[in-house]
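J.: In order, the protein sequence lines correspond to chains S and A. For what it's worth, UniProt numbering labels the leading residue of the first sequence as 1, then goes sequentially. For what it's worth, UniProt numbering labels the leading residue of the second sequence as 1, then goes sequentially.
Each hint should be verified, as a subset may be incorrect.
Note that identical chains are pooled: a pair holds if it fits in a single copy or bridges any two copies.
Here are the simulated lysine-lysine pairs, DSS-like style, with alpha carbons at most 25 Å apart [claimed, not checked]:
1) LYS334 x LYS459
2) LYS45 x LYS300
3) LYS163 x LYS45
4) LYS258 x LYS304
In short, the hints are calculated from the structure, not lab data.
There are 2 protein chains.
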Amino acid sequence: MSNMKEGPGTIEWRRREANGSSETLTPESGPIRRACLRACSFVNKAWELGADDPRKVVHCLKVGVALTIVSLFYYMRPLYDGVGGTSMWAIMTVVVIFEYTVGATICKCLNRATGTFLAGFLAVGVHWIASQSGERFGPIIVGVSVFILASAATFSRFIPVIKARFDYGAMIFILTFSLVSVSGYRVEKLFDMAYQRLSTIVIGVCICIIITTLVCPIWAGEELHRLIVRNMDKLANSLDCCVGQFFNDSEGTNHIDKEVEKKLGGYKCVLNSKAAEDSMAGFARWEPAHGCFTFNHPWKQYLKIGASMRGCAYCIEALSTCLISENQAPEFTKKHLSDLCSRVSATASSVIRELAINIETMRKSTKLDFLIGEMNTAVEELQNELKSLPALVIALQEPKPEPKDPENNQGEPILTTTPIPLVEVIPLATFASLLFEIGARVETIVDAVEELETMAEFKPAADDKPEQNQLNDATLPDQRRDEETLKVLDKV
Amino acid sequence: MSNMKEGPGTIEWRRREANGSSETLTPESGPIRRACLRACSFVNKAWELGADDPRKVVHCLKVGVALTIVSLFYYMRPLYDGVGGTSMWAIMTVVVIFEYTVGATICKCLNRATGTFLAGFLAVGVHWIASQSGERFGPIIVGVSVFILASAATFSRFIPVIKARFDYGAMIFILTFSLVSVSGYRVEKLFDMAYQRLSTIVIGVCICIIITTLVCPIWAGEELHRLIVRNMDKLANSLDCCVGQFFNDSEGTNHIDKEVEKKLGGYKCVLNSKAAEDSMAGFARWEPAHGCFTFNHPWKQYLKIGASMRGCAYCIEALSTCLISENQAPEFTKKHLSDLCSRVSATASSVIRELAINIETMRKSTKLDFLIGEMNTAVEELQNELKSLPALVIALQEPKPEPKDPENNQGEPILTTTPIPLVEVIPLATFASLLFEIGARVETIVDAVEELETMAEFKPAADDKPEQNQLNDATLPDQRRDEETLKVLDKV
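Extracted from the complex, chain S is given alone in its bound form (with noise of 0.2 Å):
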């Protein structure tokens, strides 16, 4: 078996031996080697999409069922002599209509039928009154026909609702029209051909319907769902290690590795996804009850807590920017505040996970409400350590120091040897600040995720006794880093 290396600048072919051993194979240059190498890549990456997500192999199956059952209209001389030389249509049908979420194609199949049905109608009825008008008028009024249903249907398609929904249907509606109305000119056999050709459309649409819905589902709704949980997952693992980076950072690891540089940057999957909340949204409406889900499940409400997402990623950006910022806090006032802000972004994050669960559960959390107290405190308290700083500060530019408000200070002893530039805070000062306003939005989130409980009739949780086990972990390494500053602090 062969698999390929590339490190920066080179590649490296090895043949692995059964054994286990592996063998370097001596490159060959030229552009036969290259073109290899770039199909070998291109079907690697290919591999690991399908391996990735084997749904998608699976909907590529079904199309390659559903165009062979089709074909069959064509190869089987009864069916064959029942549908005609119009069983093109079955196939056209279900090649275009054919998509990768049940909601889509059931989008896709209602625009075909309505635009088929209204463009047929209509233009059945310009014809009858060309037919009407004789041998000179009749061309010029199907021309004019085509003409202004086909502008007024291409500019309709610029109108963001129809653009949203019907867009398909448009389209479908000017092609129609325009075949129907002049064909309709010359075959004289409208209504048969009308007829043939609704009669193989249905053939492929039900055929598209049935394995689509029947055939391992995948349905618009439950992606979105899944989408909104994942990225809650994500936001509060990118907010947890951006925090826990910026604070790392005063212990001399600059290097991030790769595991982590991945989490971080998790915000950015929730910045660049509302195209596809929004996709998903638009067809989720078209799905029957599915799972938990009712037919009316409000999946425009998704699209709400994906916009208050949005605002608290806007938010860890700005934050991610003071781990690059050249005006670094110094490493004293970071330990000051390390503690309180650790457990700012850590019960922050809790809350996004809880709710994560709640969506994901569908069912109501009694934790919730305690959760967003501990947030909500540990806000309280950091915005209280920030108010003690100045005094520290200035009691430290103070020839004898004289603690004023010692009960804030926790017991933790005050420097007297080392005065501290004020504006030396700014840089901690502007995290914390930024922390504040993740905790605001975080709340934005907290509100938008109520309303989807309230609109869907989320169940209460099964068990009542608020949890505290989580908690618990997530403010574990606080108590930890609290000891480590403390041992600091004496070495200072």
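Knowing the structure of chain S, use the given hints to seat chain A on it.
T.: Chain A only, in chain S's frame:
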């Protein structure tokens, strides 16, 4: 003339008389009235859409003309005899291929041509093998090949590179392969059919391309170019407005009028235009040289510029939350930094506007370096001022104030009566920190635009003298604000 006014929850109809007076129409209740109102508002919106961008209307007329021309192939008897019943393919081609921009139309044409040829070639091959295999195995070979190729082509549409460029081509490949290989089983005149179909498709494609490129062409590249320029202006306005509004609030004008609100929200357009930029850059690559753009114009670089602008917009988003934040900085501290913050935003936005002019005129500006210098000086001054702030505050907290660094305070009178809690400076410090970050991000936009200048070989500007008029205009309000601030400080 009637017009409709909608307040919160109320809808009112007024009839304007010739003499200018207006009369309130009695509202009729019931579903008919509501339907009328809805229809009117729909027509109104559609009218606005057309009035807003008349090119959309022109596009619709172009589609109408193209379809009417194609219909001639059916009406005229000589042509009818020439291309026969397959002329429906010409109509279908026009309906499906005619897109808003030239690039999109050409992209679809090439996709359709490539997909059709490849699939036709393969299908004829499969048909030949099947015909050699006898009546028993022939259908099986055709069926299996349809299944395999349809599945593979469907899978290829999931691969990002193919999805971005050849999605439509892959669909046409499946369609043509199924149609040709399946119909080949019945229709013996396969080559005749292929010839007829191709000739009609070529007619449709030619009509589309001629009309789309010659009659009021809409180039995707030019649209992208304009979008970037427009977004830069919006970004600059948004930044100016945001900073202006932050300091205007201190003058007691909490009311934000609609004009300002619209400008303030300009950054949202930048945040939401990623999808549009991506698709336009994808289409622009297919377009021939037009206007000032060569065939190989570096359209990809526009995506980089767009990304760097979004980076800046994220910061403005964070900045705009300072406007609605609960923890507002007290008036005095705001006044203290008002001029410098305004100067940073004015210089940063004039850099962005200069970049917009550079791109719009496709010329290198000699003024740009000067403007960037100005911006950096303003940022540095703000940083220094921020450093002096704590000294000022500490001086205020001592019984007898002694200005420690009179040079930094630039002759401003120092308050001696009101001690300021230092924590209240933090919102302002956050605001200023975000402004520094915006300065840094504006420089990434500059870098991206300079790369574009090199790649697209922008010419140097005609006039070599740096014009200072624009900057003077930009700084004029600041000077005025300077004076106002001094007056207010005198009063305090």
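J.: Hint by hint, note whether the structure agrees.
T.: Hint-by-hint comparison with the structure:
1. Proximity of LYS334 to LYS459 under the C-alpha cut-off of 25 Å is found in neither arrangement, the shortest distances being 43 Å within a copy and 49 Å between copies.
2. Proximity of LYS45 to LYS300 under the C-alpha cut-off of 25 Å is restricted to the inter-copy arrangement: shortest distance 23 Å between copies versus 34 Å within a copy.
3. Taking identical chains as interchangeable, the C-alpha atoms of LYS163 and LYS45 lie at most 25 Å apart only when they sit on different chains, with a minimum of 14 Å there against 33 Å within one chain.
4. Taking the shortest Cα distances, LYS258 and LYS304 sit within 25 Å of each other only across copies (24 Å), while inside one copy they are farther apart (32 Å).
Of the numbered hints given earlier, the model fails hint 1 alone.
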